[in-house]
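K.L.:
Residue numbers (numbering that gives the first Met the number 0), protein chains in the order written: chain A, 0 to 115; chain B, 0 to 115; chain C, 0 to 137; chain D, 0 to 137; chain E, 0 to 92; chain F, 0 to 92.
Since the hints were made in silico from the structure, they are not lab data. Computed from a predicted structure; not experimentally measured. The C-beta atom is built at its ideal place from N, Cα and C for all residues, glycine as well. A portion of the hints provided could be inaccurate.
Covered stretches of chain A (in silico footprint by chain C; criterion: 3 or more residues with CB under 8 angstroms from a CB of chain C, positions within the stretch not fixed) [said to hold, decoys possible]:
hint, region
1, 7 to 20
2, 106 to 114
Short, incomplete list of chain A residues facing chain E, as computed with Cβ under 8 angstroms [unchecked claim]:
hint, residue
3, G39
4, D101
5, S102
Every beta carbon over 10 angstroms from chain B, so not counted as near; a handful from chain E, in silico [stated by the list, open to error]:
hint, residue
6, E2
7, A28
8, S47
9, V71
This is what each chain is made of:
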Amino acid sequence: MSTLIVIDQPPYGSWAGREALDMAFSLAAFDQPVSLLFCGAGVNWLRKGQEPGTIRQKSVEKNLAAAPIFGVEALLADGDDCKRYGLEAEQLLDGVTLVQADSQLFTNYSHTAFAG
Amino acid sequence: MSTLIVIDQPPYGSWAGREALDMAFSLAAFDQPVSLLFCGAGVNWLRKGQEPGTIRQKSVEKNLAAAPIFGVEALLADGDDCKRYGLEAEQLLDGVTLVQADSQLFTNYSHTAFAG
Amino acid sequence: MQDSTPFSFTLVITGAPYSSQAPQSALSFAAAAIKAGHRVDRVFLYGDGVQLASALASPPSDEPQWPREWSTFLEEHGIPGVACIASALRRGLVDEGEQKRYELPASNLRAPFTIAGLGEWVEGRMSSSRTVYFHGSD
Amino acid sequence: MQDSTPFSFTLVITGAPYSSQAPQSALSFAAAAIKAGHRVDRVFLYGDGVQLASALASPPSDEPQWPREWSTFLEEHGIPGVACIASALRRGLVDEGEQKRYELPASNLRAPFTIAGLGEWVEGRMSSSRTVYFHGSD
Amino acid sequence: MTEIQTLHILNKSPEHPRFARCLSIAGPADTILLIENGVLGLSTASASASGKVLALEPDMAARGIVSQSGTVETVDYDAMVALTARAQQVISW
Amino acid sequence: MTEIQTLHILNKSPEHPRFARCLSIAGPADTILLIENGVLGLSTASASASGKVLALEPDMAARGIVSQSGTVETVDYDAMVALTARAQQVISW
Chain A
0 MSTLIVIDQP PYGSWAGREA LDMAFSLAAF DQPVSLLFCG AGVNWLRKGQ
50 EPGTIRQKSV EKNLAAAPIF GVEALLADGD DCKRYGLEAE QLLDGVTLVQ
100 ADSQLFTNYS HTAFAG
Chain B
0 MSTLIVIDQP PYGSWAGREA LDMAFSLAAF DQPVSLLFCG AGVNWLRKGQ
50 EPGTIRQKSV EKNLAAAPIF GVEALLADGD DCKRYGLEAE QLLDGVTLVQ
100 ADSQLFTNYS HTAFAG
Chain C
0 MQDSTPFSFT LVITGAPYSS QAPQSALSFA AAAIKAGHRV DRVFLYGDGV
50 QLASALASPP SDEPQWPREW STFLEEHGIP GVACIASALR RGLVDEGEQK
100 RYELPASNLR APFTIAGLGE WVEGRMSSSR TVYFHGSD
Chain D
0 MQDSTPFSFT LVITGAPYSS QAPQSALSFA AAAIKAGHRV DRVFLYGDGV
50 QLASALASPP SDEPQWPREW STFLEEHGIP GVACIASALR RGLVDEGEQK
100 RYELPASNLR APFTIAGLGE WVEGRMSSSR TVYFHGSD
Chain E
0 MTEIQTLHIL NKSPEHPRFA RCLSIAGPAD TILLIENGVL GLSTASASAS
50 GKVLALEPDM AARGIVSQSG TVETVDYDAM VALTARAQQV ISW
Chain F
0 MTEIQTLHIL NKSPEHPRFA RCLSIAGPAD TILLIENGVL GLSTASASAS
50 GKVLALEPDM AARGIVSQSG TVETVDYDAM VALTARAQQV ISW
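Throw the hints in and build the complete structure from the sequences for me.
P.N.:
This is how it looks when you write it as structure tokens:
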């Protein structure tokens, strides 16, 4: 069964999300099935058009675009949280699957972890 | 006018509150008028009967008891937040004044700071 | 399943000492696990948790010295303690090898902690019965 | 009050680099303040913010080296950078004096940062027109 | 000894968004173990969980939280270890 | 240039308890400046503040937050410095 790495903190303000992404990429590199779930303020990772050059960070959009190539099985996002942050379908990065982050979803994974 | 140091994080789980206390004690040591405001989960600093020996920390109760001696003018706590955490008057440390942490309160201080 | 069945644990600590309670909770847990006859395969420090491997932490003498307490525990029980290299380098935790490689003025990693990649975490998850995380609080 | 009236600032940074955005926000603010003709009297590192004074931080080469960027900025403008001694000692940030005093294997404080007590913060608050805090985010 | 599907280790105060999320996600076969700041949830009228709720006694004592008789089962570190072994999965929030 | 009583610098996301508290405390003569994660408040239907709300443009751009025309005034770091000088008091949340 697969591992679910959860990102519930927004990008750029803290490093926890980047470190969660590294965890997912490492699992994938070792051929361990892994998916990412974005929920709460973490859905802001998935907004198109991020330009963090002025705050001296690299865009997380590019990292996420590489996720399927590295073998991450799915980018999941809580639909209600996307709505709460005004994220309509056309503003979401490609390849994101909207889900309901409920009890049922978590039972599909044998491991679930946050980066911090 | 006086400085207000705000503690809105609970004790023991993080160090921010202890560092806020150090800020208040330093101001008092330099004869700068200072008060402490406990709000949100920070009101849990004020609960009687804390016994943190097993988790290897020193009780913050003793530090707070020393606050008036060190010259801290007042220990203020938001009444609604105390109620929310089930803190009745008899469970509160001595010397705490219940207030409403609203716009009006903050205008009584020329500086307001959090420790982190 | 009986409580007495021996288990093995990988522990992951992501909260820093003197900032979070994670190192204390994890040490109390690890000691209880060993007392119960379980094995602790590995302790992996990630994110801000790498600060637990500092050789230079100098808290007041009436407070626990968490890096030293953890080092002693790891040595007593022969448990590998590993700090994630990416987390450690960003946060200024380096061993002698990294000191030379990056031409740094000093190293500050406390033995027996070592520095390695996330592969150690992946391996721990696969080989241990349970992986338990100790995060920072709020 | 005109924008052109020269002001002086004490900046307090409580968020760590590579964990929070505070060091970047504070540096952008400080550079803008100086550009506007204001003075930055002092930068005070408190809590997790003391990690900004690390001499050993080694992020990947395509990421900003925040301790170095801040050191360069402080030196260029002759601004004192002070790490709170209590915060620094707990978190393993020490200068040569503290290294000797506590018999530690190394020191890791980056020049021109120095270590001093909260009195430096109290004094900054009194002498500067404004004190602005840069905390960690969530 | 009953089987636990997922043991949720919750160390955040009720103010933290993960507190409510953990409670909403725990199913009836799950157990929630409150540790560190999480034990403060015992003193608030927090949304009730469908799973069983336990709390770590040393963290309760540290914070002066006294269990109302019978409302919550308290455990020590030994029992916490046993719980992680009994659970099929452990999630730390 | 109007006087600002208190400038509230808010860097937390709407999920953080300080976000709501800052909004509830800011008075009509105050200004709230959203920076870092705080700019995410522009994309939620957060409780409205009685004070004026500004947002730091570089942090909005980083997060892909586009200002709905006229809803919020954006500032750069130069203007942020000017705001701190104009305000009688600055509170960082």
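K.L.:
For every hint, state whether the structure bears it out.
P.N.:
Results for each hint:
Remark: the region 7 to 20 of chain A is confirmed as covered by chain C, as 3 of its residues place a Cβ nearer than 8 angstroms to a Cβ of that chain, reaching the required three. With 4 residues having a Cβ less than 8 angstroms from any Cβ of chain C, the region 106 to 114 of chain A passes the three-residue criterion, so the hint holds. A distance limit of 8 angstroms between C-beta atoms decides the matter here; for G39 (chain A) the minimum to chain E is near 5 angstroms, and the interface restraint holds. The restraint placing D101 (chain A) at the interface with chain E holds, with a minimum CB-CB distance near 6 angstroms, inside the 8 angstroms limit.
Hint status for S102 (chain A) relative to chain E: holds, with the closest Cβ pair at about 4 angstroms, below 8 angstroms. Its beta-carbon lying about 29 angstroms from the closest one in chain B, E2 (chain E) satisfies the requirement of being farther than 10 angstroms from that chain. With a cut of 10 angstroms on Cβ distances, A28 (chain E) stays outside the contact zone with chain B, its closest approach being about 28 angstroms. For S47 (chain E), the shortest C-beta to C-beta distance to chain B comes to about 15 angstroms, beyond the 10 angstroms cut-off, and the non-interface label holds.
With a closest Cβ-Cβ approach of about 13 angstroms to chain B, V71 (chain E) is found to remain outside the 10 angstroms limit, as its non-interface label requires.
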